[in-house]
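Work out the full structure: start from the sequences and follow the hints.
Protein chains: 6
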Amino acid sequence: MVLTFGEVLLRLTPPELQRIKQAHSFQIDFGGAEANTAVSLAQFGIPVKHITKLPNHEIGLSCKSELMKYGVDTSGIVMDESNHARMGLYFYEKGASQRPSQVIYDRADSSIAKAQETDFNWDVILNGVSWFHFTGITPAISDNLSNILLTALQKAKEKGITISCDLNYRAKLWSKEKAKEVMTSYMPYIDILFANTGSIYDVFSIGTAYYGKSDDVETAIAVAKQVKDTFETKVIAMTMRKTISASVNEWSALLYDGNCYIAKKYKMDIVDRIGGGDSFAAGYIYSAYKKYTMQQTVEFATAASCLKHSIQGDFNLVSVEEVMALVNGDGNGNIKR
Amino acid sequence: MVLTFGEVLLRLTPPELQRIKQAHSFQIDFGGAEANTAVSLAQFGIPVKHITKLPNHEIGLSCKSELMKYGVDTSGIVMDESNHARMGLYFYEKGASQRPSQVIYDRADSSIAKAQETDFNWDVILNGVSWFHFTGITPAISDNLSNILLTALQKAKEKGITISCDLNYRAKLWSKEKAKEVMTSYMPYIDILFANTGSIYDVFSIGTAYYGKSDDVETAIAVAKQVKDTFETKVIAMTMRKTISASVNEWSALLYDGNCYIAKKYKMDIVDRIGGGDSFAAGYIYSAYKKYTMQQTVEFATAASCLKHSIQGDFNLVSVEEVMALVNGDGNGNIKR
Amino acid sequence: MVLTFGEVLLRLTPPELQRIKQAHSFQIDFGGAEANTAVSLAQFGIPVKHITKLPNHEIGLSCKSELMKYGVDTSGIVMDESNHARMGLYFYEKGASQRPSQVIYDRADSSIAKAQETDFNWDVILNGVSWFHFTGITPAISDNLSNILLTALQKAKEKGITISCDLNYRAKLWSKEKAKEVMTSYMPYIDILFANTGSIYDVFSIGTAYYGKSDDVETAIAVAKQVKDTFETKVIAMTMRKTISASVNEWSALLYDGNCYIAKKYKMDIVDRIGGGDSFAAGYIYSAYKKYTMQQTVEFATAASCLKHSIQGDFNLVSVEEVMALVNGDGNGNIKR
Amino acid sequence: MVLTFGEVLLRLTPPELQRIKQAHSFQIDFGGAEANTAVSLAQFGIPVKHITKLPNHEIGLSCKSELMKYGVDTSGIVMDESNHARMGLYFYEKGASQRPSQVIYDRADSSIAKAQETDFNWDVILNGVSWFHFTGITPAISDNLSNILLTALQKAKEKGITISCDLNYRAKLWSKEKAKEVMTSYMPYIDILFANTGSIYDVFSIGTAYYGKSDDVETAIAVAKQVKDTFETKVIAMTMRKTISASVNEWSALLYDGNCYIAKKYKMDIVDRIGGGDSFAAGYIYSAYKKYTMQQTVEFATAASCLKHSIQGDFNLVSVEEVMALVNGDGNGNIKR
Amino acid sequence: MVLTFGEVLLRLTPPELQRIKQAHSFQIDFGGAEANTAVSLAQFGIPVKHITKLPNHEIGLSCKSELMKYGVDTSGIVMDESNHARMGLYFYEKGASQRPSQVIYDRADSSIAKAQETDFNWDVILNGVSWFHFTGITPAISDNLSNILLTALQKAKEKGITISCDLNYRAKLWSKEKAKEVMTSYMPYIDILFANTGSIYDVFSIGTAYYGKSDDVETAIAVAKQVKDTFETKVIAMTMRKTISASVNEWSALLYDGNCYIAKKYKMDIVDRIGGGDSFAAGYIYSAYKKYTMQQTVEFATAASCLKHSIQGDFNLVSVEEVMALVNGDGNGNIKR
Amino acid sequence: MVLTFGEVLLRLTPPELQRIKQAHSFQIDFGGAEANTAVSLAQFGIPVKHITKLPNHEIGLSCKSELMKYGVDTSGIVMDESNHARMGLYFYEKGASQRPSQVIYDRADSSIAKAQETDFNWDVILNGVSWFHFTGITPAISDNLSNILLTALQKAKEKGITISCDLNYRAKLWSKEKAKEVMTSYMPYIDILFANTGSIYDVFSIGTAYYGKSDDVETAIAVAKQVKDTFETKVIAMTMRKTISASVNEWSALLYDGNCYIAKKYKMDIVDRIGGGDSFAAGYIYSAYKKYTMQQTVEFATAASCLKHSIQGDFNLVSVEEVMALVNGDGNGNIKR
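Which chain is which? The protein sequence lines are F, Z, Y, V, S and X, in order. Mapping to the working numbering: the first sequence position 301 is 301, numbers consecutive. In the working numbering, each residue's number is its place in the second sequence (first place is 1) plus 337. In the working numbering, each residue's number is its place in the third sequence (first place is 1) plus 674. In the working numbering, each residue's number is its place in the fourth sequence (first place is 1) plus 1011. In the working numbering, each residue's number is its place in the fifth sequence (first place is 1) plus 1348. In the working numbering, each residue's number is its place in the sixth sequence (first place is 1) plus 1685.
Honestly, I wouldn't trust all of these hints.
Unchecked claim - Cut-off 27 Å, straight-line C-alpha distance, at most; resulting in silico cross-link-like pairs (DSS-like, lysine-lysine):
#, chain 1, residue 1, chain 2, residue 2
1, S, Lys-1612, X, Lys-1927
2, X, Lys-1799, Y, Lys-788
3, X, Lys-1857, Y, Lys-788
4, V, Lys-1183, Y, Lys-941
5, Z, Lys-494, Z, Lys-604
6, Y, Lys-833, Y, Lys-850
7, Y, Lys-939, V, Lys-1253
8, Y, Lys-941, V, Lys-1278
9, F, Lys-114, Z, Lys-562
10, Y, Lys-941, Z, Lys-602
11, X, Lys-1910, X, Lys-1976
12, Y, Lys-941, V, Lys-1032
13, X, Lys-1842, F, Lys-242
14, Z, Lys-602, Z, Lys-562
15, Z, Lys-604, V, Lys-1276
16, V, Lys-1276, Z, Lys-579
17, V, Lys-1302, Y, Lys-938
18, F, Lys-242, F, Lys-267
19, V, Lys-1276, V, Lys-1302
20, V, Lys-1183, S, Lys-1462
21, Y, Lys-695, Z, Lys-627
22, Z, Lys-602, F, Lys-114
23, X, Lys-1949, F, Lys-267
24, Y, Lys-831, Z, Lys-579
25, V, Lys-1166, V, Lys-1239
26, S, Lys-1462, F, Lys-264
27, Z, Lys-451, F, Lys-114
28, X, Lys-1927, Y, Lys-695
29, Z, Lys-604, Y, Lys-788
30, V, Lys-1278, Y, Lys-939
31, Y, Lys-938, V, Lys-1275
32, S, Lys-1615, F, Lys-264
Derived by calculation from the structure, the hints in this document are not laboratory data. In this text the structure is predicted, and so the values were computed from the model without any measurement.
Given below as structure tokens:
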């Protein structure tokens, strides 16, 4: 069983391509980097449970129900009975063409941000778990969480659980200095690091000269190599996005484990790009469970996350068969009938 | 010009009569007790400005725009430039028949809750103001606000401005003890007190025996008399609601200034009951500006607030002519064509 | 075949119970007094064609399509090829409880208002027609139409066609004096007059003392008798509505042909009251085709129009079977399964 | 753990109060008599699994997801891999006022209707089960199901599992003669029978004279007594509905176990009456688990099912606390804030 | 008059680009290969009637109404009064970018599939008909239909009616062997065959080597030539689609009557590609009625069907003028004002 | 303060990409060439008031409210109290791919078209105004307006106010001859002329040979030069649009003041192209207030109007910061978080 740990947010999005100022209703989604990975894994048929803390009111319960709907084990979610418990939320304005997407976060003082060490009994939680996945957002949310996470990583390591982390730097949550310090302390526990040239530069000050070349393969390889050399991480997985506009992106990825494995590149009409990286992680973890080769893994994970961009919301609601159809190139977009 | 002062919240409501758990979108409204009164006064043609503090991001600006749309002067609203500024919000689940409406508040640490004395220059703000209206919610939000409000009341009193207050006790915001202490300290400044038997009992422990008889005229008169005797308030305005179900209510009101003036009673099919009391206050203030008799005032304010219950959202979007049609009984519901 | 003649309007309605000021979209309906009757007859299986003039652009064509959808013969509709041709439209704000419904008409200079005598070849149009139905709205729209209608009535009379008229006074379209003059000139052609005490008083100044008692049976009978005595009309059909609120009405009707036939009274939760009278006329005409007795006729027409009030839009989309179920009292509202 | 067994249908409903002919979209719900009971029990915190057979395509999987969302154990649902597998569906047109609701079923040849004995290993399924609930719809769907059900009942009886059945006669699925024969053969297994005077008359020809008096207490008691005398069933639970109109119903219930326990009667503004009886069964089963007295049971089950009528869709999404608030009469419909 | 014969389905589509699993409502459309052609012809002003069999309930009647709305003569549609009559339906999930569209059919045992020879009196139906159009879907639905169609073809041939067929192979309905046998038996009756390289290979095993080159002109010509040589069909019309992604396609066509006529190629942003081929057939038939040259015909039909891809639903709601504007190249996409 | 003068229309748009014939609701927007410029300026923080005449009913008031919402000073708008007052409206069908957008205007006899000289006291209106902006639509609406505008221009010139005009020829409103005569008479008053090669050719018969080359820079420069030479206008601002399809356009602009300043060219996925030119004018005026260089001006105005094409409705709801991000090229479409 895979275990994911992290915040889940209520996402509020104006319908179609309206700006927030024009909106008279918001579409409701739930999402969070680690929960997104969990949902994608559940669609692939991998048992997965998500650990977080949610307010015990209708919004918190709706969030839990949504995870249950998509097959994630929510039995370990801690419900916050306190009086003014809240969950974090964000407003997402989808961009178009030259107008970029925008996000307004309102996530302070959420139940998970204020969670205590005593909320989580890691010996119980980690029972039966063979993979632990988290992202750099979790420790950024609060010092509490940062400490809780360290405890979890230590326990997981002791139990021989594979650990993966998506670097995911968020400037609105912590400084580069703080991020560097904390993430560096986590690196010894991490077997697989998901990242891109931007986040690696932001967190580890690695790759200065290359910053901004977000889709340049040579740059990505060089950075991955330097990270591996620095931290002796088993695998560095780098996604490469070229933002042609808010409506069109190019997307690829590579894995570096000493050797380098590069995926096919996709040009995508964007439906919703939130959760792209999270679905890549899910594709990787699924491939690892299936003992795919590294090249198969990078193709599967890239195709899976390519498909995510065509799906509304945070969650990558695609099956293994659908990913495989794209990988194998018979996903020619024709209607099946 | 009338001045209103208090929090404005983002309201999120499932469409039609869905429960929150079923909802996939929320309707967007903005509202707050004092702002609701301001909007209603603007519809009546009374110049009115609303004072609050809002985050300087798209949600805060949308709120300001919505007040501007309905003609409220927003030039005095303080925009919060701080990094994690937020505005309060609440989720509103509309009830039906035997299923009561529900509210989940998420209003802690909002820009207005964290406002400072220095945010408001009352000498400037009160320039040209002849009426100051607030509710018991404002001081309940934070000690900051409670102190700021006291300053404002003192300044307003000095300038001979008429002051009205809607008692509006909110158990989730403060204790009865705290409410009693603070509201008692405000009473000397208040010329007109809007309340009902429930809020008076909660805040002032007046009328014990009558508690719960929310629509009993004799009870309301007795309580109003006791409040007037205690605080020497000029006018006590009591609304009287009988909740037959979430779909049907009865509604009336009375004024007590030594004499008692009782309005016609209305039986209402409820579209949205939020803001009922706030629209009553607006009806009263309008009537005062028009120098209506006390009986005309109670009829106008009751009819105005009766109409509010037929309108979606917090705001009472009715004109003087529409209220008058109901008061005069030619509002027979026939289509005008 | 029944022939109906008159304006069709584009109706724009805010969704649910929103006020126009709150609306961000309008629901689209098409309707008009005579066209509404035509659609209802088509649902009852009676061949019916509607004659009007519509602009030959997408809105006019959409209107024609909507009539075709519901089985009305539109082959006689004249399409206006002129440059700035328009169709009339109106904004309809649905009321609730004490808040009345409102209508804003924008119908001047429409294709039908500017129609010419030469647009309609009545000898061709009336071929195969056995019943001609119109309302008092048609002559009120323009002098052109008033004259065209007179020509049609003369032709129809010559051919022995039964003629019915719904009095339908519209104060925004013409004065009482003008209405009285024109409608009086039409009365010799009319076999069945649909009306109520209000419209009869407005147009013919008959029944002064009774004005306003819109649901009083004795009043209605007295007025019907006086109309019959004055104009020697074969049948006077009087609908009787009591507007308890915008949400609840009572509804009944009577026929007077010398004898008086009174229908069962219904108390209705209103979904949409536009087209109530028009559907009564359709119920009457259907009954006449089926050679129902006068008592059967008044029951059928009243039940049919009662059901209209439960249906969104102008059109009474009910079958004969559904009306009969209500007439026969086994329409107990239980789900059939 | 409670086990429910039966068909789940895709329900397609026009938005608001539109007729099917007017609709341009359908709201999607899933429901079925036994699944509705399961969902309600899950909201009450009772472990419950639902057994059915669903097509292994996106619609079948959506149905399964919806049950998972609301906490029902779906691990026992059999997925139909066959080529043209389908699930039953129905179109539901919500009535209003005098216009009754309508249902069009399209449920033939569904995966569950064509299920085979070998699809269900009852020894495994019934493991850990203490209550088995089904309705008269299940055997009516197909002879296959009727036989499968008999096997299940026999197995359940052997294991000492409590068995309840809601009689639920559906004329469109089988004849009264067939129903009588099959249901009579089941009666020895049934501990608690949920029914009303209509279904008892339809299935068992008991209570002829009383037929139609759907809300008469004396009638219901007499019928219940006769059923108990005939079949020696432990408890007969009778719901009593008076359909004032499609918009307003009265609702009550009684239990008969030799003694008679009658619940408070509720007058309800109807939001959605589908699933009313199913939620009553859930209320009863919950009460039995909580060892409520018979009077407490009938009050809880009646209040629970009263609340169902205020909720869109088939499922009774209410908590124990909400039911209790109504039972205890402090559910006065006031907003909690 | 053109006659089209075939199934009409209820189509249920999630809004916007949602996956079925995410959807809470379905948009309603009606469509079917032959009916789509009929609607397009009606928009072009060609008299056309569609023959099918529909259940006589609200869904069947809604389907009929929709065809009436768009001007198709529905007087020959047979209404199925049987108890469990149903119409076929399908769920359509619109793809985007790399995610292909998906279709789930639920069309077994529909009224048309179970239709009998006696349902259709072809002598009456074919009266006044000069063109008969059908597709390979009709005989695939059931053996009944396959036989009924053969009768119709024989009758039509006798009367000298032009016959066209769109090959339209559907693997979910019948095997390639069955298709080959039946379609081969029809070929002698067919004057114009609409097809593409894929369907010709699937049905006639012609063009093996070329299979998959769906947009290669040389391939298409070679295949067309071989079909013409084999069956001596007057005209082979080949559409050529290149599926760049679910969002972008290229589209062209050619006619082969011994000579070859090739249309301009269009690159299309896809709104809805269902009905693309059906609208090509309508464009061809219209051109034939207008006696266009073969080159004019292929340009008109290709432009018409290009426009279809920009329109939601199955129906090509464009006028002759709109097609001509595209053909003539002044359809530069500028707003006309 | 900037003053804009001209008609505001109610715009009715089918949702998503539906054709009018398919629509069952219209989205509501308000817009008009000059009002669009006003709203954009208000978003940029420039004080601006819009002058027009609107009917004093709910639709007119809604229009006024919408302008207030976006910060435009509406205190000078004249409300039309007359009986059949109406505002102009138009139906807008958004195109896609090869299907062009369509507009149906219904703007005759609006309150503004029938406005009188006495409605506007220009001495009062122009008080505090430093810039006057109008378009060629205003004089085209009616002779009244054409004369009123001339008065305004004379007054503005006297007061030394900068005057800008967008040529905006509308063939449906007046002939080229009339346009030439009137616009030529206005040219002496105009300091900055916004136009494109098409409108200049239509109105002034300048640039014949170049007509149609709407995005050719050399052509645009030559035309601009000729206009400047002819009328001695200070600045000619030419937008250049290439309509690749209804879904994709290219967009650029140049300024000519003797020298020529050319902006970066943008390729845009179109969300809504109405108001593109109006937002360019706003960008120019803002730049002038900020004393930008000519090159900065053309870049700012082009980027601003490029962003407009990504926003639903007529109004360019973007901030200065957002425009600057695009100008400075760090608007790379990445989500900010």
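Going down the list of hints, with the structure as the test:
1. S:Lys-1612 to X:Lys-1927: holds (21 Å)
2. X:Lys-1799 to Y:Lys-788: holds (20 Å)
3. X:Lys-1857 to Y:Lys-788: holds (20 Å)
4. V:Lys-1183 to Y:Lys-941: violated (32 Å)
5. Z:Lys-494 to Z:Lys-604: violated (39 Å)
6. Y:Lys-833 to Y:Lys-850: violated (31 Å)
7. Y:Lys-939 to V:Lys-1253: Holds, because 20 Å separates the two Cα atoms, which is no more than 27 Å.
8. Y:Lys-941 to V:Lys-1278: This hinted pair holds, its Cα atoms lying about 17 Å apart.
9. F:Lys-114 to Z:Lys-562: violated (48 Å)
10. Y:Lys-941 to Z:Lys-602: It holds: about 22 Å lies between the C-alpha atoms, which stays within 27 Å.
11. X:Lys-1910 to X:Lys-1976: holds (23 Å)
12. Y:Lys-941 to V:Lys-1032: OK: Lys-941 of chain Y and Lys-1032 of chain V at ~25 Å, within 27 Å.
13. X:Lys-1842 to F:Lys-242: violated (51 Å)
14. Z:Lys-602 to Z:Lys-562: Since the Cα atoms of Lys-602 of chain Z and Lys-562 of chain Z sit roughly 21 Å apart, the hinted pair holds (cutoff 27 Å).
15. Z:Lys-604 to V:Lys-1276: holds (22 Å)
16. V:Lys-1276 to Z:Lys-579: Holds. Lys-1276 of chain V to Lys-579 of chain Z sits at ~20 Å (cutoff 27 Å).
17. V:Lys-1302 to Y:Lys-938: Violated, at roughly 51 Å.
18. F:Lys-242 to F:Lys-267: holds (9 Å)
19. V:Lys-1276 to V:Lys-1302: holds (23 Å)
20. V:Lys-1183 to S:Lys-1462: holds (20 Å)
21. Y:Lys-695 to Z:Lys-627: It holds: about 26 Å lies between the C-alpha atoms, which stays within 27 Å.
22. Z:Lys-602 to F:Lys-114: violated (49 Å)
23. X:Lys-1949 to F:Lys-267: holds (24 Å)
24. Y:Lys-831 to Z:Lys-579: violated (60 Å)
25. V:Lys-1166 to V:Lys-1239: Judged against 27 Å, a Cα distance of about 24 Å means the pair holds.
26. S:Lys-1462 to F:Lys-264: This hinted pair is violated, its Cα atoms lying about 49 Å apart.
27. Z:Lys-451 to F:Lys-114: holds (20 Å)
28. X:Lys-1927 to Y:Lys-695: violated (38 Å)
29. Z:Lys-604 to Y:Lys-788: violated (47 Å)
30. V:Lys-1278 to Y:Lys-939: holds (22 Å)
31. Y:Lys-938 to V:Lys-1275: Not satisfied, since the Cα-Cα distance of roughly 33 Å exceeds 27 Å.
32. S:Lys-1615 to F:Lys-264: holds (24 Å)
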